[in-house]
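Novice: Spelled out from the first residue to the last, the chains are:
There are 2 protein chains.
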Amino acid sequence: MRSPLKNTARAQPFEQSQRDAIYRAIDTRRDVRRGYLPEPLSEDVLMRILAAAHNAPSVGLMQPSRFILIRSHEVRSQIHAAFNRANQQAMALYDDERREQYASLKLEGILEAPQNLCVVCDPQTEQGHGLGRQTMPETIVYSTVCAIQNLWLAARAEGIGVGWVSILSPGDLHTILNIPAHVIPVAYLCLGYVDAFDDRPELERAGWEHRRSLQSVIFDETYTPGTKP
Amino acid sequence: MRSPLKNTARAQPFEQSQRDAIYRAIDTRRDVRRGYLPEPLSEDVLMRILAAAHNAPSVGLMQPSRFILIRSHEVRSQIHAAFNRANQQAMALYDDERREQYASLKLEGILEAPQNLCVVCDPQTEQGHGLGRQTMPETIVYSTVCAIQNLWLAARAEGIGVGWVSILSPGDLHTILNIPAHVIPVAYLCLGYVDAFDDRPELERAGWEHRRSLQSVIFDETYTPGTKP
Numbered sequence: 001m002r003s004p005l006k007n008t009a010r011a012q013p014f015e016q017s018q019r020d021a022i023y024r025a026i027d028t029r030r031d032v033r034r035g036y037l038p039e040p041l042s043e044d045v046l047m048r049i050l051a052a053a054h055n056a057p058s059v060g061l062m063q064p065s066r067f068i069l070i071r072s073h074e075v076r077s078q079i080h081a082a083f084n085r086a087n088q089q090a091m092a093l094y095d096d097e098r099r100e101q102y103a104s105l106k107l108e109g110i111l112e113a114p115q116n117l118c119v120v121c122d123p124q125t126e127q128g129h130g131l132g133r134q135t136m137p138e139t140i141v142y143s144t145v146c147a148i149q150n151l152w153l154a155a156r157a158e159g160i161g162v163g164w165v166s167i168l169s170p171g172d173l174h175t176i177l178n179i180p181a182h183v184i185p186v187a188y189l190c191l192g193y194v195d196a197f198d199d200r201p202e203l204e205r206a207g208w209e210h211r212r213s214l215q216s217v218i219f220d221e222t223y224t225p226g227t228k229p
Numbered sequence: 001m002r003s004p005l006k007n008t009a010r011a012q013p014f015e016q017s018q019r020d021a022i023y024r025a026i027d028t029r030r031d032v033r034r035g036y037l038p039e040p041l042s043e044d045v046l047m048r049i050l051a052a053a054h055n056a057p058s059v060g061l062m063q064p065s066r067f068i069l070i071r072s073h074e075v076r077s078q079i080h081a082a083f084n085r086a087n088q089q090a091m092a093l094y095d096d097e098r099r100e101q102y103a104s105l106k107l108e109g110i111l112e113a114p115q116n117l118c119v120v121c122d123p124q125t126e127q128g129h130g131l132g133r134q135t136m137p138e139t140i141v142y143s144t145v146c147a148i149q150n151l152w153l154a155a156r157a158e159g160i161g162v163g164w165v166s167i168l169s170p171g172d173l174h175t176i177l178n179i180p181a182h183v184i185p186v187a188y189l190c191l192g193y194v195d196a197f198d199d200r201p202e203l204e205r206a207g208w209e210h211r212r213s214l215q216s217v218i219f220d221e222t223y224t225p226g227t228k229p
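These protein sequence lines map, in sequence, to chains A and B.
Mapping to the working numbering: the first sequence position 106 is 106, numbers consecutive.
Mapping to the working numbering: the second sequence position 31 is 31, numbers consecutive.
Do not rely on the hints blindly, as some may be mistaken.
[Stated by the list, open to error] Far from chain A, some chain B residues (derived; all Cβ distances over 10 angstroms):
| hint | residue |
| --- | --- |
| 1 | 81 |
| 2 | 84 |
| 3 | 96 |
| 4 | 100 |
| 5 | 104 |
| 6 | 106 |
| 7 | 114 |
| 8 | 123 |
| 9 | 124 |
| 10 | 150 |
[Said to hold, decoys possible] Reference excerpt, derived from the structure (chain B facing chain A, CB under 10 angstroms, subset only):
| hint | residue |
| --- | --- |
| 11 | 17 |
| 12 | 51 |
| 13 | 77 |
| 14 | 111 |
| 15 | 164 |
| 16 | 177 |
[Said to hold, decoys possible] Lysine to any residue pairs mimicking SDA-like chemistry, simulated, CA-CA at most 20 angstroms apart:
| hint | chain 1 | residue 1 | chain 2 | residue 2 |
| --- | --- | --- | --- | --- |
| 17 | A | 106 | B | 128 |
| 18 | B | 106 | A | 130 |
| 19 | A | 106 | B | 130 |
| 20 | B | 106 | A | 134 |
| 21 | B | 106 | A | 129 |
| 22 | A | 106 | B | 134 |
| 23 | B | 106 | B | 130 |
| 24 | B | 106 | A | 128 |
| 25 | A | 106 | B | 106 |
Derived from the structure by calculation, the hints contain no laboratory data.
No experiment lies behind these values; they were computed from the predicted model shown.
Cβ coordinates follow ideal geometry from the N, Cα and C atoms, glycine included.
Using the sequences and the accompanying hints, generate a full structural model.
Specialist: In structure tokens, the structure reads:
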């Protein structure tokens, strides 16, 4: 229940060390593609990070996210083959120098990470009674993305690497994982203990791209690039 | 740089009190629709939570998220009118008893919260050189949702309420906020200091919906509701 406070009361922030922990997780989270260790995650920690995902916000409290935990080498091998097909197609779109650079990037850890997790969204669940999803039905799948980000941050705090593999055809995921046609594959994640976390994003370290400034993405009152509040 | 560790080294988790802080933010985060206080956020805290959003993962490091900070009463009033129109349409879809319950719910704090934030996604930015977005281009907008969840958790730790208003027509957001046609409005958020955080989701407390169990959303190896790992 809400505390029976006067209007002048204000909810307090977490204490400084706890706030620091939140920003530490956010700032040091990485998309991990290498350095996975063969030891499987303990059930305890696996359930803690899945609970973090499950406790994410969802439109109308519909909780549309489902988590397919993949540990068999056979299934991971099928996914890895699907990645290779999609990656060859993606690579073909780049010219010369960029293509060479692309080919040198390590973009997934499907077979090295002992756990893979396919996070899917069931947009047809009756839970939530449709609230909030009439005008922006895309908030259903956004709910699942919020769950993924919760898991990612909890995993970082637990010392667990997470890598999001987006170079996969959704059709392959449907087929290999027996996902019904109406259910949306949102993310395919590699999960595992790792030897280390990089201090910078891998794509920045590899010279693929730089990060932009915070001020360049904040606009005042309306969509007005170039201004700032 | 990666530390030159042996293969047997393992990245350590955060210390227990820091891990607790992450789970505290995740478990006590709420979608806040009431109890906003009139005092504006300090610039310091506003920039910290926007930086948390900006530091989210993005496909190919493309950083497509842009943040429109709305503080004027005039703009918020226009958005509030758009909410009212969308909400009347949504309400009309329910029958009798559900409609009455729906009408009693408080679903937004647009005028009470001194700051509103429209988070949008520019899918045409060249940043990232297209990496990772060939097979699943929807990961572009998912990147923006990750940013929103980062902001939501940082805000909770700062004692700041966040409410996601999904009962708005994207067309109204484009018009009122001058958003170019190719840019996607992803979320409209209310932000502010609050008197208190509820200990349960508002829709659960109001009897609209219950939360489901964690075990019911975890599947083993393939999409198999009813099994668990």
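Novice: Is the claim that residue 81/B lies outside the interface with chain A correct, judged by CB distances over 10 angstroms?
Specialist: holds, 14 angstroms
Novice: Holds or violated: residue 106/A and residue 106/B, Cα atoms, limit 20 angstroms.
Specialist: Outside the cut-off at roughly 48 angstroms; violated.
Novice: Is the hinted pair residue 106/A and residue 128/B satisfied, with a Cα-Cα distance of at most 20 angstroms?
Specialist: holds, 15 angstroms
Novice: Does the claim that residue 104/B lies outside the interface with chain A hold up, using a Cβ gap greater than 10 angstroms?
Specialist: holds, 12 angstroms
Novice: Hey, does residue 106/B actually stay past 10 angstroms from chain A on C-beta?
Specialist: Residue 106/B is indeed farther than 10 angstroms from all Cβ atoms of chain A, at 12 angstroms.
Novice: Residue 106/B and residue 130/B were given as a pair; does the straight-line alpha-carbon distance stay at or below 20 angstroms?
Specialist: Not OK: residue 106/B and residue 130/B at ~41 angstroms, beyond 20 angstroms, violated.
Novice: If I take the minimum Cβ distance from residue 124/B to any residue of chain A, is it greater than 10 angstroms?
Specialist: holds, 12 angstroms
Novice: Is the shortest C-beta separation between residue 111/B and chain A less than 10 angstroms?
Specialist: violated, 16 angstroms
Novice: Find the nearest Cβ of chain A to the Cβ of residue 150/B and say whether that gap is larger than 10 angstroms.
Specialist: violated, 5 angstroms
Novice: Mind verifying the non-interface call on residue 96/B? Its CB should be farther than 10 angstroms from each CB in chain A.
Specialist: Correct as stated: the minimum Cβ-Cβ distance to chain A is 13 angstroms, above 10 angstroms.
Novice: Could you grab the alpha-carbon distance between residue 106/B and residue 130/A and see if it respects the 20 angstroms cut-off?
Specialist: Between residue 106/B and residue 130/A the Cα gap is close to 16 angstroms, so the pair holds against 20 angstroms.
Novice: Since residue 84/B was said not to touch the interface, does its Cβ keep a gap of more than 10 angstroms from each Cβ of chain A?
Specialist: holds, 12 angstroms
Hint check: violations occur at hints 10, 13, 14, 23 and 25; the rest are consistent with the structure.
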